[in-house]
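2 protein chains.
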Amino acid sequence: MPSRDRVHYFGAGPAPLPTPVLEEASKVLLNYNDSGVGITEISHRSADANAILAATQKALRQLLDIPESDGPDGYQILFLQGGGSGEFSAVVLNMVSAWVGGKLKEVGGDEAKLAEVVKNQLKLDYFVTGSWSLKASQEAARLVGGEHVNIVTDARKHRDGKFGVIPEQSTWSATSDKDSTALTYYCDNETVDGVEFQSTPTGHNLVADMSSNFLSRPVEVSKHAAIFGGAQKNVGTTGITIAIISNRILPPHAELAKPELLRKLGLPVGPVVLDWPTIAKNNSLYNTLPIFDVWIAGKVMERLLQIHPTASGPKIAGQQAESDKKSQLIYSTLDSNSNVYHVVPDKSVRSRMNICFRVKGGDDAAEKAFLKGAEERGLLGLKGHRSVGGIRISNYNAVPVAAAEKLAQYLQDYAKSA
Amino acid sequence: MPSRDRVHYFGAGPAPLPTPVLEEASKVLLNYNDSGVGITEISHRSADANAILAATQKALRQLLDIPESDGPDGYQILFLQGGGSGEFSAVVLNMVSAWVGGKLKEVGGDEAKLAEVVKNQLKLDYFVTGSWSLKASQEAARLVGGEHVNIVTDARKHRDGKFGVIPEQSTWSATSDKDSTALTYYCDNETVDGVEFQSTPTGHNLVADMSSNFLSRPVEVSKHAAIFGGAQKNVGTTGITIAIISNRILPPHAELAKPELLRKLGLPVGPVVLDWPTIAKNNSLYNTLPIFDVWIAGKVMERLLQIHPTASGPKIAGQQAESDKKSQLIYSTLDSNSNVYHVVPDKSVRSRMNICFRVKGGDDAAEKAFLKGAEERGLLGLKGHRSVGGIRISNYNAVPVAAAEKLAQYLQDYAKSA
Numbered sequence: 001m002p003s004r005d006r007v008h009y010f011g012a013g014p015a016p017l018p019t020p021v022l023e024e025a026s027k028v029l030l031n032y033n034d035s036g037v038g039i040t041e042i043s044h045r046s047a048d049a050n051a052i053l054a055a056t057q058k059a060l061r062q063l064l065d066i067p068e069s070d071g072p073d074g075y076q077i078l079f080l081q082g083g084g085s086g087e088f089s090a091v092v093l094n095m096v097s098a099w100v101g102g103k104l105k106e107v108g109g110d111e112a113k114l115a116e117v118v119k120n121q122l123k124l125d126y127f128v129t130g131s132w133s134l135k136a137s138q139e140a141a142r143l144v145g146g147e148h149v150n151i152v153t154d155a156r157k158h159r160d161g162k163f164g165v166i167p168e169q170s171t172w173s174a175t176s177d178k179d180s181t182a183l184t185y186y187c188d189n190e191t192v193d194g195v196e197f198q199s200t201p202t203g204h205n206l207v208a209d210m211s212s213n214f215l216s217r218p219v220e221v222s223k224h225a226a227i228f229g230g231a232q233k234n235v236g237t238t239g240i241t242i243a244i245i246s247n248r249i250l251p252p253h254a255e256l257a258k259p260e261l262l263r264k265l266g267l268p269v270g271p272v273v274l275d276w277p278t279i280a281k282n283n284s285l286y287n288t289l290p291i292f293d294v295w296i297a298g299k300v301m302e303r304l305l306q307i308h309p310t311a312s313g314p315k316i317a318g319q320q321a322e323s324d325k326k327s328q329l330i331y332s333t334l335d336s337n338s339n340v341y342h343v344v345p346d347k348s349v350r351s352r353m354n355i356c357f358r359v360k361g362g363d364d365a366a367e368k369a370f371l372k373g374a375e376e377r378g379l380l381g382l383k384g385h386r387s388v389g390g391i392r393i394s395n396y397n398a399v400p401v402a403a404a405e406k407l408a409q410y411l412q413d414y415a416k417s418a
Numbered sequence: 001m002p003s004r005d006r007v008h009y010f011g012a013g014p015a016p017l018p019t020p021v022l023e024e025a026s027k028v029l030l031n032y033n034d035s036g037v038g039i040t041e042i043s044h045r046s047a048d049a050n051a052i053l054a055a056t057q058k059a060l061r062q063l064l065d066i067p068e069s070d071g072p073d074g075y076q077i078l079f080l081q082g083g084g085s086g087e088f089s090a091v092v093l094n095m096v097s098a099w100v101g102g103k104l105k106e107v108g109g110d111e112a113k114l115a116e117v118v119k120n121q122l123k124l125d126y127f128v129t130g131s132w133s134l135k136a137s138q139e140a141a142r143l144v145g146g147e148h149v150n151i152v153t154d155a156r157k158h159r160d161g162k163f164g165v166i167p168e169q170s171t172w173s174a175t176s177d178k179d180s181t182a183l184t185y186y187c188d189n190e191t192v193d194g195v196e197f198q199s200t201p202t203g204h205n206l207v208a209d210m211s212s213n214f215l216s217r218p219v220e221v222s223k224h225a226a227i228f229g230g231a232q233k234n235v236g237t238t239g240i241t242i243a244i245i246s247n248r249i250l251p252p253h254a255e256l257a258k259p260e261l262l263r264k265l266g267l268p269v270g271p272v273v274l275d276w277p278t279i280a281k282n283n284s285l286y287n288t289l290p291i292f293d294v295w296i297a298g299k300v301m302e303r304l305l306q307i308h309p310t311a312s313g314p315k316i317a318g319q320q321a322e323s324d325k326k327s328q329l330i331y332s333t334l335d336s337n338s339n340v341y342h343v344v345p346d347k348s349v350r351s352r353m354n355i356c357f358r359v360k361g362g363d364d365a366a367e368k369a370f371l372k373g374a375e376e377r378g379l380l381g382l383k384g385h386r387s388v389g390g391i392r393i394s395n396y397n398a399v400p401v402a403a404a405e406k407l408a409q410y411l412q413d414y415a416k417s418a
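Going line by line, the protein sequences match chains A and B.
Start counting the first sequence at 1; every next residue gets the next number (our numbering).
Start counting the second sequence at 1; every next residue gets the next number (our numbering).
Because the hints were derived from the structure by calculation, they are not lab data.
Keep in mind that the hints are not guaranteed to be accurate.
Identical copies carry no separate label here, and so any pair may be met within one copy or between two of them.
[Stated by the list, open to error] With a straight-line Cα cutoff of 25 Å, these simulated SDA-like cross-link-like pairs (lysine to any residue) come out:
#1 LYS27 <-> ALA365
#2 LYS383 <-> ASP34
#3 LYS162 <-> HIS385
#4 LYS27 <-> ASP5
#5 LYS325 <-> TYR410
As the structure is a computational prediction, the values presented were derived from the model and not from experiment.
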């Protein structure tokens, strides 16, 4: 029966959290801020809850250099429920509403003309580079119809039917008219397939899923219309989803399509809890927000600011250096034992967060033995996603350097004995 | 700086939780089931997570006598995210999809005929008896258009423009043709207004919001198509919403309308995370479920089964008796000091969960003094909802009898001194 300090957990999400944060959490559960009331019990409209919300937003702004302004260049930080999968839908519902609102203005309010514009022009561009962006593109097709979804690239077509590469930009087929592009969607890091974008792709109305590499490197926020991520990897617990939304797609800078208009056009009207303008207008307190989960995220962020102080430049740089160091150690150990290990994705797109590989060409007995040996050393959560098999080392922020070193040692030892 | 045992918290939600559950929670946050991994960190697809899910569903079935069967009379227990407000939308999206699917079959697949049927017949019936059912009816109108929403009763019209009564059944105007009624919606207990249904109303395809009186009395489950509730009152924490869904509106017992058909009809297609059939098919694990919140709810339910053992009849009866006892004590104290206190809703519909009253006719200074005096005795969370003002005592399950007694004593003392 292992204690917490005897194991290292490499699960892909929910992911490990820093022990000091969990220790503090275990206290505030019973009594927050000496109020005699626990943090899950306090009102989301109390002064304590508002302070937690503000502190978490402030820390995130600092870490990722998120522009703060009421003007069109500013960004709002929202907390929602429903996870990344909820945002797969929210992205479509909100971006399409903003696009249609803009077009209505262009056609001078002529609804017949607008219907033609929607039918002939509306396009949602998707980069499909792994299991999650594939799912997001399928949700878009379900919501607005496949005829409006354009696949900029399907990475599987460039590599034996399986994910593991980001095709060359010269092969991409984005919608040619940017005025038709309601959104361009990409998943910055594919958790299942271990594929990570090495730079921000180009695209109009850019939307990014950063669920599994959030807070591990700087982000070019101002290139995006929206960025979102489930919190349960690098940031916190499963209960909240973070969204960073450009003012350009929110009122008063954007005019949104009214529900009755969307219905007439055969376009979906979204649930109010996924409506970014409503959530932004209410500073994430439209309905009851799980404040405990926001508090956890805030503590994780404040801790990053403390343990990796940076004199200049983006404040996330220190954590980036640590993430790079850990992933380089593991990849180099895998590469130097290439007779036993085979990294799944191409070298040029390897994820620093989710390191996917096979043991002895995917031999079932060998992979089971590998996992068993790891478990004996207290190295847990290494099984690959059920849809692809193999081994996956998730190298999130709360995985200490010492854990990565212990794992690298095991990789070395297993290879020698295999 | 009060400690937990020095205060009594009467917040309306998030609500207090039993201290023993929070004490155990503070341990499992760091190490669940001697795994060395905390409960927010474990995979939602692990054996531990599955066991938590199963135990929670089992306890809920026992407490509310929820029919378990794969046949049309059975009910599924789902855990979702997005709170009651999320379900305001889910109710519409799912019930309309099932209704349209049924009609498509009736018209033999003739889509032109179906469009006529939708236009002329589709009705969603709403009982508007307080702030929350009003909001739910507004969300329905936003999603499908006000022409399809029928208000069975608007309680404000029967009482000086304000909520506080459930009008006589003879005054209700339900849709006359039950084949037209995609749903009949009511809010069993109105948290803001302190109004509670005293028995299950009649209606076709009955849907109930039980967010704030869940697990406080037996429920006639089999009269309903769907029952839902945010967990953060009597059940647990904010992160999850519980839904009890009849198999009659799920495949294979129901045929659902396809997204492309709904779009053609100008009806909304919902996000996958609010799609009950998808969530049911995946036993609430379609996407990452906040297992910690499910665990809390399960522990609260198991505790109810332990502290109120019942030899026969519904297992929630013991808790009902305790809830009744506490609310009777408080109402009788208020009534016997009617020169100082005025209960807001009519006597016949008083909520056992949210006791709303005014001090000295709503005198601001008096109400502030009342709250200040309460705070000095460690009686917290008594301020009425910001939209209606006044005082609100929320008498949820985790409020001990001793706390209700202490509060009754204060009501008595304040009245004497006032």
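Now for the hints, and whether the structure bears them out:
{"no.": "1", "hint": "LYS27 <-> ALA365", "result": "neither (44 Å within a copy, 36 Å between copies)"}
{"no.": "2", "hint": "LYS383 <-> ASP34", "result": "between (42 Å within a copy, 20 Å between copies)"}
{"no.": "3", "hint": "LYS162 <-> HIS385", "result": "within (14 Å within a copy, 54 Å between copies)"}
{"no.": "4", "hint": "LYS27 <-> ASP5", "result": "both (19 Å within a copy, 14 Å between copies)"}
{"no.": "5", "hint": "LYS325 <-> TYR410", "result": "within (17 Å within a copy, 62 Å between copies)"}
The structure is inconsistent with hint 1 alone, although it conforms to all the rest.
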